[in-house]
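> Same order as they appear, the protein sequences are chains A and B.
Here the first sequence stands for residues 0 to 325, numbered as in numbering that gives the first Met the number 0.
Here the second sequence stands for residues 0 to 464, numbered as in numbering that gives the first Met the number 0.
Hint data in this document are derived by calculation from the structure and do not stem from the laboratory.
Just to be clear, a hint being listed does not mean it is correct.
Pairwise CB distance ranges, derived in the manner of DEER restraints [said to hold, decoys possible]:
#	chain 1	residue 1	chain 2	residue 2	range
1	B	G81	A	G91	56 to 64 angstroms
2	A	A100	B	M60	39 to 47 angstroms
3	A	D174	B	A107	56 to 64 angstroms
4	A	P234	B	Q158	17 to 25 angstroms
We put the CB at the ideal spot given by N, CA and C, even for glycine.
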Amino acid sequence: MTTQPVAVDDDTDLLRAVVLAGGLTFEREVSLSSGTQVVEALLRAGLDAELRDADADLLPGLAAAPADAVFIALHGSTGEDGAVRAVLDLAGIPYVGSPAAACRLAWDKPAAKSVVRAAGVTTPDWVALPHSTFRELGAGAVLDLIVARLGLPLMVKPASGGSALGAQKVGRVEDLPAAMVSCFAYGDTVLVERFVDGIELAVSVVDLGEGPQALPAVEIAPESGVFDYTSRYTPGLTEYHTPARVDDDVAQRAADAAVTVHRALGLADLSRTDLIVDAEGTVHFLEVNVSPGLTETSMFPMAVEAAGHRLGDVLTRLLHQAAARR
Amino acid sequence: MSSLTPDRPVSASAPVPARHPRLDPLADRYAARTHGMKSSEIRALFSVVSRPEVVSLAGGMPAVTALPLDAVGSMIGELVSGMGAQTLQYGSGQGDPRLRERICDVMALEGITDASPSEVVVTVGSQQGLDLVTRVFVDPGDVVLAEAPSYVGALGVFQAAQARVQHVLMDDEGLVPEALEDALVECRARGDKVKFLYTIPNFHNPAGVTLTEERRAKVMEIADRYDLLVVEDNPYGLLGFDREPMRALRARDAERVIYLGSFSKTFSPGLRVGWVLAPLAVREKLVLATEAQVLCPPSLTQYAVARYLDTQPWQQQIKTFIELYRERRDATLESLSALMPPGTTWTRPDGGFYVWLKLPSGLDAKLMQPRAVSAHVAYVPGIGFYADGQGKEYMRLSYCYPEPDQIREGVRRLARVVEAELDLHTTFGSVDTGRFRAVRPSTPQVPAVEPITGPASSDQVGDQP
Chain A
0 MTTQPVAVDD
10 DTDLLRAVVL
20 AGGLTFEREV
30 SLSSGTQVVE
40 ALLRAGLDAE
50 LRDADADLLP
60 GLAAAPADAV
70 FIALHGSTGE
80 DGAVRAVLDL
90 AGIPYVGSPA
100 AACRLAWDKP
110 AAKSVVRAAG
120 VTTPDWVALP
130 HSTFRELGAG
140 AVLDLIVARL
150 GLPLMVKPAS
160 GGSALGAQKV
170 GRVEDLPAAM
180 VSCFAYGDTV
190 LVERFVDGIE
200 LAVSVVDLGE
210 GPQALPAVEI
220 APESGVFDYT
230 SRYTPGLTEY
240 HTPARVDDDV
250 AQRAADAAVT
260 VHRALGLADL
270 SRTDLIVDAE
280 GTVHFLEVNV
290 SPGLTETSMF
300 PMAVEAAGHR
310 LGDVLTRLLH
320 QAAARR
Chain B
0 MSSLTPDRPV
10 SASAPVPARH
20 PRLDPLADRY
30 AARTHGMKSS
40 EIRALFSVVS
50 RPEVVSLAGG
60 MPAVTALPLD
70 AVGSMIGELV
80 SGMGAQTLQY
90 GSGQGDPRLR
100 ERICDVMALE
110 GITDASPSEV
120 VVTVGSQQGL
130 DLVTRVFVDP
140 GDVVLAEAPS
150 YVGALGVFQA
160 AQARVQHVLM
170 DDEGLVPEAL
180 EDALVECRAR
190 GDKVKFLYTI
200 PNFHNPAGVT
210 LTEERRAKVM
220 EIADRYDLLV
230 VEDNPYGLLG
240 FDREPMRALR
250 ARDAERVIYL
260 GSFSKTFSPG
270 LRVGWVLAPL
280 AVREKLVLAT
290 EAQVLCPPSL
300 TQYAVARYLD
310 TQPWQQQIKT
320 FIELYRERRD
330 ATLESLSALM
340 PPGTTWTRPD
350 GGFYVWLKLP
360 SGLDAKLMQP
370 RAVSAHVAYV
380 PGIGFYADGQ
390 GKEYMRLSYC
400 YPEPDQIREG
410 VRRLARVVEA
420 ELDLHTTFGS
430 VDTGRFRAVR
440 PSTPQVPAVE
450 PITGPASSDQ
460 VGDQP
């Protein structure tokens, strides 16, 4: 896998970027951390960048001081489900990242899995059900069917959302009801997936004007064995290996899978696809993030660095592309 | 439009330093006491609290805007322009003598009439006072007794000192003396070194309850019999709604009680001025410890507090605070009674900042927090107030900061969250909601005498619409 060196334009100092971060979701803190990193990287790259929350002051602020392009570092709903992008479209303000409709699709993890599977990428078998189905048909009977069909262990996670919030590995059938209860606190639909054991990879994709390209895969090796919220955001609790410690052909298949996912879902500019490589070397798609984390412990910036670039330069390039779409 | 210009490869001009695979090259070197310091989902969820759409019943922030801000502002301005040579300079490690005199006047309001300024050490909030006391007394592995639940900031201090916390039951009347004695007997049998009892007798954080007069006597009698040192933390004692301040434990025993006081709730938490009152020998060690830690408490804020006490109607100001908090407490209790589903119980504080709420059986306050965030209401899950993983079914509600109307809205949202969780538990069989629905409003929910793990009142009685 190769990436081209990223170069910056001579007129970068003319570009004014607004970085959206915060929002009113579970991932507000992560988003603020991402947004701060992005603003610092852009300022170092010589841009005029400003951090703004997605609140009632946003649209009047953008009207009063128009931005050449917006960078969306919002995580969780609003930022990733396409809503903010749809509003920016209405306002005619260009932004970095995927269009609203593609975000809506990627945000819905079960729908995204269907599209990705149809595009030929392997993904663990799953079922996604709302609370009402369990209530109406009887939770015990439905859970029995799930276990009979998908086996154990299972991954239980909210059907939308990121940062591993609410995601749990369930190894024993008696732990399943409690996992469902805690997962439903995050949203009305739960995604239950066959658990695949293996090497976790995060493959970032960027499109710098010549089509989507995969950056070097980041291998994730959490000390606890589970890449949960604590493992993600506490430096020292997880080892990250770039390049991943996998054979070249596996790395290539992972890169191909991430690009396929990016294209199949109609994504633009940047994405991060989470994959797992099982003992046979099969690459399984887990989920895709249209607004990948950009914190100090996030995988997208690691991949950018591993490709030999500076984050600020890549983001600057993406902002210029977005501004040109106006 | 911009274009790729490979003649300016940034990576070539300034190589990016390689990352450590764990992102932290010092990961293997940290002290054992830092191992509990990790990012947590709970903390992350709290970040939404800063948004105005969210009603926060979480933080215990005093209502400082009720202070005469102009008067305080000009007072502090004069301290700098008129007394800069003192107020901007290092000071005594023990604290400003004039302030220590005034602290003795404040403590006299709670019956401590024999304190000498020489026994007072001024600290950076009472939090530093507790840290100093813990440093002076506790070795790793020693036992500290604390109420169940206890102040989360104190548990943090004890954890950092690698103390083992043994919780002691409380109920609506505060710490249960029999439980204290049982804990002491247990510890003796195990050969544990019990260094002290940490207790908040007035308007407890988080439980909201107050140790009764009768129990104060019993607790001190047990302390005497078992040669137990008592650390009395009293930040809220002057904020009672219905009666004069109660007599402090320290007023009953000057040798066995170390007293922690604070101006954070009676004046300003931002000034960070608190104090420790301790017997002279202990005071000596506390001064040495504080000098090693911070050299001296900040001069400017000490002068500010002393000047405030000298020139402003501070006792009148406390009455203003009391009226404000009483109104907010009433809004909280009325809303809870009107809106919370059966099976929920809570304490009825007559001072301070907090209501301690117990959820219907089977519900977990931490697990339902994402739903609360979605509903734009915040609270603190009870589990943080225990050192041993108890407290899942509890939450702390703070009424000190939001306006009464916001409190009513917050409780309305919280009630919906609890209802939704009950619905979920019904589906998945963890909770028999029908059992709660079957409880008639006139039936007490909680046995009147049986001590429980954490206090819960029978507030539901007769209060349902």
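> Does the Cβ-Cβ separation between G81 of chain B and G91 of chain A fall within 56 to 64 angstroms?
Between G81 of chain B and G91 of chain A, where Cβ atoms are some 58 angstroms apart, the hint holds.
> Holds or violated: the 39 to 47 angstroms window for the beta-carbon distance between A100 of chain A and M60 of chain B?
Cβ of A100 of chain A to Cβ of M60 of chain B: about 43 angstroms, so the range 39 to 47 angstroms holds.
> Quick check: does the Cβ-Cβ distance between P234 of chain A and Q158 of chain B fall within 17 to 25 angstroms?
Holds, since P234 of chain A and Q158 of chain B (Cβ atoms, about 20 angstroms apart) stay within the stated range.
> Does the Cβ distance between D174 of chain A and A107 of chain B fall inside 56 to 64 angstroms?
For D174 of chain A and A107 of chain B the Cβ distance comes to about 57 angstroms; the hint holds.
The structure meets every hint from the earlier list without exception.
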